[in-house]
Amino acid sequence: MLKIDHLTLTHKKDLTTLIADLSLTLRPGERMALIGEEGNGKSTLLRLIAGDEAVRGYVEAEGSVLLTDSAGYLPQELPEAERPLSAYDFFCLCPSFFDQTPRELGALAAKLSLPADVFYSEQTMAAFSGGERIKLQLARILMNRPGVLLLDEPSNDLDGETVLWLEGFLNACELPVLFVSHDEELLSGVATSVLLLERLRRRQVPRASVHRVDYETFVLERSAQFAKQEQLSRKEHEEYKQKMARFEEIRRKVEHDQAAVSRQNPGGGRLLKKKMHTVLAMGRRFEREAEEMTAMPESEEAIFAKLDCAPLPKTKVVLQLDLPELSVPGRVLARDLRLTVRAGEKLAITGGNGAGKSTLLSVIRRRLEGRADLSVFYMPQDPGDLLDLSKTPVQMLARTGEKEETSRIGVMLGSMKFTADEMSHPCAGLSGGQKAKLMFLMMAEAHPNVLLLDEPTRNLSPLSGPVVRGLFAAYPGCIIAVSHDRRLIGEVCTRVVRLERGALLPAGPI
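Going letter by letter, the sequence shown gives residues 390 to 899 in the numbering used here.
Treat the hints with caution; some may be incorrect.
[As the list claims (entries may be wrong)] Restricting the straight-line Cα-Cα distance to at most 25 Å, the calculated cross-link-like pairs of lysine-lysine (BS3-like) are: (1) K780 to K402; (2) K632 to K662; (3) K642 to K630; (4) K705 to K664; (5) K632 to K642; (6) K617 to K630; (7) K780 to K792; (8) K663 to K642; (9) K632 to K664; (10) K664 to K642; (11) K695 to K792; (12) K705 to K695; (13) K662 to K642.
Bear in mind the hints are in silico, worked out from the structure with no lab data behind them. Fair warning: this is a prediction, and the values are worked out from it, not measured in the lab.
Sequences are here, hints too, so could you generate the full structure?
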């Protein structure tokens, strides 16, 4: 069991409070989704619960975290030091590995859909696919018989088939689970409760809320609550405005009468003075009522710039690919690939891990970027391939450096919930989601008529997902996207192809 009591996390460097007064109990069998915008402390919270002492080097923690059993923690990325290890050496780092009987290892391999002999494999961890690495890490975690699972973006590097496996695994898991994910389909299929971390009022005020409902119910209830609160707030403010208009009319009339009263009628002056006291008392009562009115709902929804362009004729052929061989050093991925894409299409390229989707997109990029009749923007999976991480977000967006341009850029970044501090510091310090948002702004500023996207929603929170999908759905240009995001494919893409067994095959949305 996991119990958190009045936990507050504060950055030591700038004294920013990430989480304030969080209390919750994670019950047996509960699968709690930890969601929130980028930089709100989700990964920090998981690492703190897992007992990672490095967290306390940059975060001050008040309150308590109680674990009745050990925690099994799955990080976002396999640590660099473990990537060159063979699978056998990877498991040798776990003392419990040597306590496992052959039967227990076989049962564990079957549970995780792994080959029975994988624990003794000499293949390096880096050479396994993203899905295989996740399964191997889960295997080592389960060997320690943890009391709770802490998973940080477990579906990040998984293909569609493995995400479905992960969904089934988590639903069958009897342990309590606290997990971070940007995959709305996984959240919908797995989460039985939600922990939402927000930073409101220009990211200065943290708010943590626990919702004991499944993810879809949480989304619907949150939307309905916001709509009801907004409607009530608007009604109360409109009624208050009308009431204040009547009050001002009465006050002005009394003031006018006071100014016009005859000095020969002192009794009338006293009556008007008494009436003014009554009017002012009424005004003070109205002010107290205003303080108690329903406030407009506060949320931390991401606001993205509009994506627009001068669209190409829909029948124009943007890509006519006839590729004899798709390869990486030392390995042929596919042969005789043929693909035609027209300007009116939004194409998704799917496929298993290691099939060559990103490699294919790089080939397409080289074919299209040199064309004079196209304006192409490429959004890579790794932000470092596009962003100069030594520059600030303002410098990445600036063209002239003029004061007016800098002001406009500040407004754009503010709409993406960047703080003034984040705008003026190097991009290297930004979270993955903030880097993704910066790339979206660069995309909007470029006004391209062709978008090449490699996992564009990979680092964005589920709160941003509907906004991003709406942007791409309304975009008038051509899209060629590599993605495992089932909702993005279903809501945006007009055609899906799958890179499988060395060929491009037609496929329906996954």
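Hints and how they fare:
1. Our distance criterion of 25 Å between C-alpha atoms is met by K780 and K402, whose separation comes to about 21 Å.
2. The straight-line distance between the Cα atoms of K632 and K662 is roughly 22 Å, inside the 25 Å bound, and the hint therefore holds.
3. Annotation: proposed proximity of K642 to K630 holds, straight-line Cα distance about 18 Å (limit 25 Å).
4. For the hint pairing K705 with K664, the CA-to-CA distance comes to about 78 Å; that exceeds 25 Å, so the pair is violated.
5. With a C-alpha separation of about 16 Å, the suggested pairing of K632 with K642 holds against the 25 Å cut-off.
6. Under the criterion of a C-alpha separation no larger than 25 Å, the hint pairing K617 with K630 is consistent with the structure, at around 20 Å.
7. For the proposed pair K780 and K792, the alpha carbon gap of about 18 Å is at most 25 Å, so the pair holds.
8. Straight-line distance between C-alpha atoms of K663 and K642 comes to about 14 Å, which keeps the hinted pair within the 25 Å bound.
9. A C-alpha spacing of about 18 Å is found between K632 and K664, which places the hinted pair at or below 25 Å, so the restraint holds.
10. Distance check on the hinted pair: K664 and K642 sit about 11 Å apart at the alpha-carbon level, within 25 Å; holds.
11. For the hint pairing K695 with K792, the CA-to-CA distance comes to about 23 Å; that is within 25 Å, so the pair holds.
12. Between the alpha carbons of K705 and K695 the distance comes to roughly 24 Å, so the proposed pair stays at or under 25 Å and holds.
13. Taking the CA atoms of K662 and K642, the gap is about 12 Å. The hint holds against a cut of 25 Å.
Hint 4 alone, counting from the list given before, is not met by this structure.
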